[in-house]
Structure formats: structure tokens, C-alpha cells
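S.K.: Each chain is listed here by its residues.
Number of protein chains: 2
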Amino acid sequence: MNIGEASAASGVSAKMIRYYEEIGLVRPAARTGNNYRVYGEAEVHVLRFIKRARSLGFSLEETETLLKLWQDKSRESSAVKDVATAHIADLERRIAEMQGMVKTLKHLAHCCGGNHRPDCPILDDLAGDGSAPGDSSAPGDSAAGLSRISADRH
Amino acid sequence: MNIGEASAASGVSAKMIRYYEEIGLVRPAARTGNNYRVYGEAEVHVLRFIKRARSLGFSLEETETLLKLWQDKSRESSAVKDVATAHIADLERRIAEMQGMVKTLKHLAHCCGGNHRPDCPILDDLAGDGSAPGDSSAPGDSAAGLSRISADRH
DNA sequence: CTTGACCTTCCCATGATGGGAAGCCCTATC
DNA sequence: GATAGGGCTTCCCATCATGGGAAGGTCAAG
Chain A
1 MNIGEASAAS GVSAKMIRYY EEIGLVRPAA RTGNNYRVYG EAEVHVLRFI KRARSLGFSL
61 EETETLLKLW QDKSRESSAV KDVATAHIAD LERRIAEMQG MVKTLKHLAH CCGGNHRPDC
121 PILDDLAGDG SAPGDSSAPG DSAAGLSRIS ADRH
Chain F
1 MNIGEASAAS GVSAKMIRYY EEIGLVRPAA RTGNNYRVYG EAEVHVLRFI KRARSLGFSL
61 EETETLLKLW QDKSRESSAV KDVATAHIAD LERRIAEMQG MVKTLKHLAH CCGGNHRPDC
121 PILDDLAGDG SAPGDSSAPG DSAAGLSRIS ADRH
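As they're listed, the protein sequences go chains A and F. The opening position of the first sequence corresponds to residue 1 in my numbering, with each subsequent residue numbered one higher. The opening position of the second sequence corresponds to residue 1 in my numbering, with each subsequent residue numbered one higher.
Quick caveat, the hints were computed from the structure, so don't treat them as lab data. Check each hint, because a few of them may be wrong.
Result set (EDC-like, lysine to aspartate or glutamate): computed pairs, CA atoms no more than 16 Å apart in a straight line [what the hints assert, rightly or not]:
no., chain 1, residue 1, chain 2, residue 2
1, F, Lys-103, A, Asp-90
2, F, Lys-106, A, Glu-92
3, F, Lys-68, A, Asp-119
4, A, Lys-106, A, Glu-92
5, F, Lys-51, F, Glu-21
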């Protein structure tokens, strides 16, 4: 199996398969005479394991841990559960963080007329108080165009 | 005000203030004779605006848009509301995605004994079927140590 | 005059992924 | 046999937002 076929069989892009090999997450693939990587069912199985772990939000580092536990037949299931439990806690923390943002934003959006008039509680909140940006001493427009952000996309 | 004071007053690190200037999110600060950046209240106000927008999860690109709207006195509040609404939708999409992960993980963790024995439904799920990694034809351990991931931290 | 705390610019790293160039290999078609 | 196309290789670069740190200039206090 070439890398393209292994990619199709595992759902991991060829680019990522090479990357996983480079960082040592998977063992270096065997090579044919023409220097092509060759894969068997076992390697594809490992790639699918990684793919599944990634889809559950595990980092590559956590995935490495899980992969080692998977291959360690004398593992204790508590070790696996610990990794999963820590990951759940991390996800829940991030979910709560984002839910807080959503709550605030929904409140602000609800209070915003969303019409042709300029008064906007969303901007008022972002500004901290209700004042406009350049009212005290500055020349006014402080955003001079995000050239690097908006233009350098290709 | 030097950059350190502006940083303390705004909550934005000096590193980030320089970066925001570099990418054009904020106007280049005035300089003193010794080439130090100087900031006034208006600039700090802008930095706080950015800080608040970031804390609500807006990207720098979205923040740029909001900043321009803030400074555009003839804006229509609907434009601001549109940005916020799109961001809320994005957050909710990501929250739902993570909640799906949590749901699956909690189910698996619930089914896992978490004891000294090796059988583990979490690993079984990641493996797709119930088989072990190297059972078909491979030499066994496919994770050869994530040297780049685990060792190169400094 | 030294020390320490600032400031400056410049380069590099993160995490996980994609894009793309330059070049080699194989197969199918003309 | 030549050529076209597609797949493979390595290598470099980009993302997004942020931090670390080096090398060197500047300033104020001791």
C-alpha cells in the first residue's frame, strides 16, 4: 500500500502521515526500491486510531500516550481513564469559557437595535465606558488598516 | 506613557502591543528621542477595546472590523450586530462540537473500569474494533517515542 | 561608574495542518 | 520510444496569537 492508499484507507492525509512519522508518533514506514513508503493493515489501523483520537479532541501528545497504552498489553485501564477524564475536564472548561462569551454576546446583541442608527451597546461594552475612541487627545482613527491580516491571505 | 505602562494600563502585553502595531491593527505609536514608544489615554483605550474583544473570542480580523466600526461615527449598528451574530454562531458550532466529544468520552469513561486490569472500552473505541494493534502482521510497537513532541519542550 | 530595569529590533517556537515547488518514478497512450 | 499525467519524495512557507530570549541602547538610582 502506498501512502495515498493508506491515506484513503485511514482518513489521514498523506501530509499528516509523513508528519506523524517525522515527529515519531508512528514508526518510520518501510520503503520500496523507489523510496516510496509502504503500509500494511496494521499501520492503517494505527492511523485510524490516531484519527479517532484526534476527532475526540485529544492532542497529538495525548494521542501518543493513548497509543502507547493501546500497545501495552499490561496497561491498567485506570491509566487510560485518567487521560480521558483529564481531557473531559479540559473540554468542559473550554466549553464553559465559550458559553460565557456567548451569554455576554447574546445579551449585548439583544440590546443592540441592529438598525441604521449608530448607537450600539456592543461597541459601548467593548469600549468599557460609553465614550468614543479619539475623544480625549488622539487624532481619531487608530485602526489604520490591517494590511498583514486582511491582505496577505492567499 | 511608555509601552510597559500602557501594557499595565490596558492588560495587553508589551509584546502584543508591538505586534498589533506591526500588523496595522493599531497606528504606529509616537516615539521619544530615545526611540521609545509613547502612549496616551486614547491609545490605551483602543488597547482595552482590543483586549475586551479578544476576551469575547473575536479574532484579530474581527476585532479590526469592530474597531473600525467603533471609530466610524456614521456606522449602522446592524453592521456591528452582524459581526457579533456571526461570532455567536461560530462559538455555538464549536461548543456543540466539543459537547459531542464530551458526551462520547463520558460514555466511554463510564464504561471503563478504571482499575488495574487492561481491558478498556476507551481503547476499544479508538481502535475501531476490539483488536490489538500489531495482531495482524506488524512488528508490534508502532509508537516509537514522540521525541519531537515530548522531548523538545523548553 | 555600576547596576538594574526598562526599551529597541530580530529570530525562533508553539500545534496541527495545508499549499506548493522541484524533482524522481511508473504507467498508459500515441 | 517519447510524452503526458499522476503519484511519490523532500523542502520551505503559511496559518493564528502569543511568548521566549538574545543583543544592544537608554535611563535613573545608588
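S.K.: Hint by hint, note whether the structure agrees.
M.R.: Structure-based check of each hint:
1. Lys-103/F with Asp-90/A: 13 Å, holds
2. Lys-106/F with Glu-92/A: OK: Lys-106/F and Glu-92/A at ~11 Å, within 16 Å.
3. Lys-68/F with Asp-119/A: 14 Å, holds
4. Lys-106/A with Glu-92/A: 20 Å, violated
5. Lys-51/F with Glu-21/F: 14 Å, holds
In the structure shown, a violation is registered for the earlier hint numbered 4 alone.
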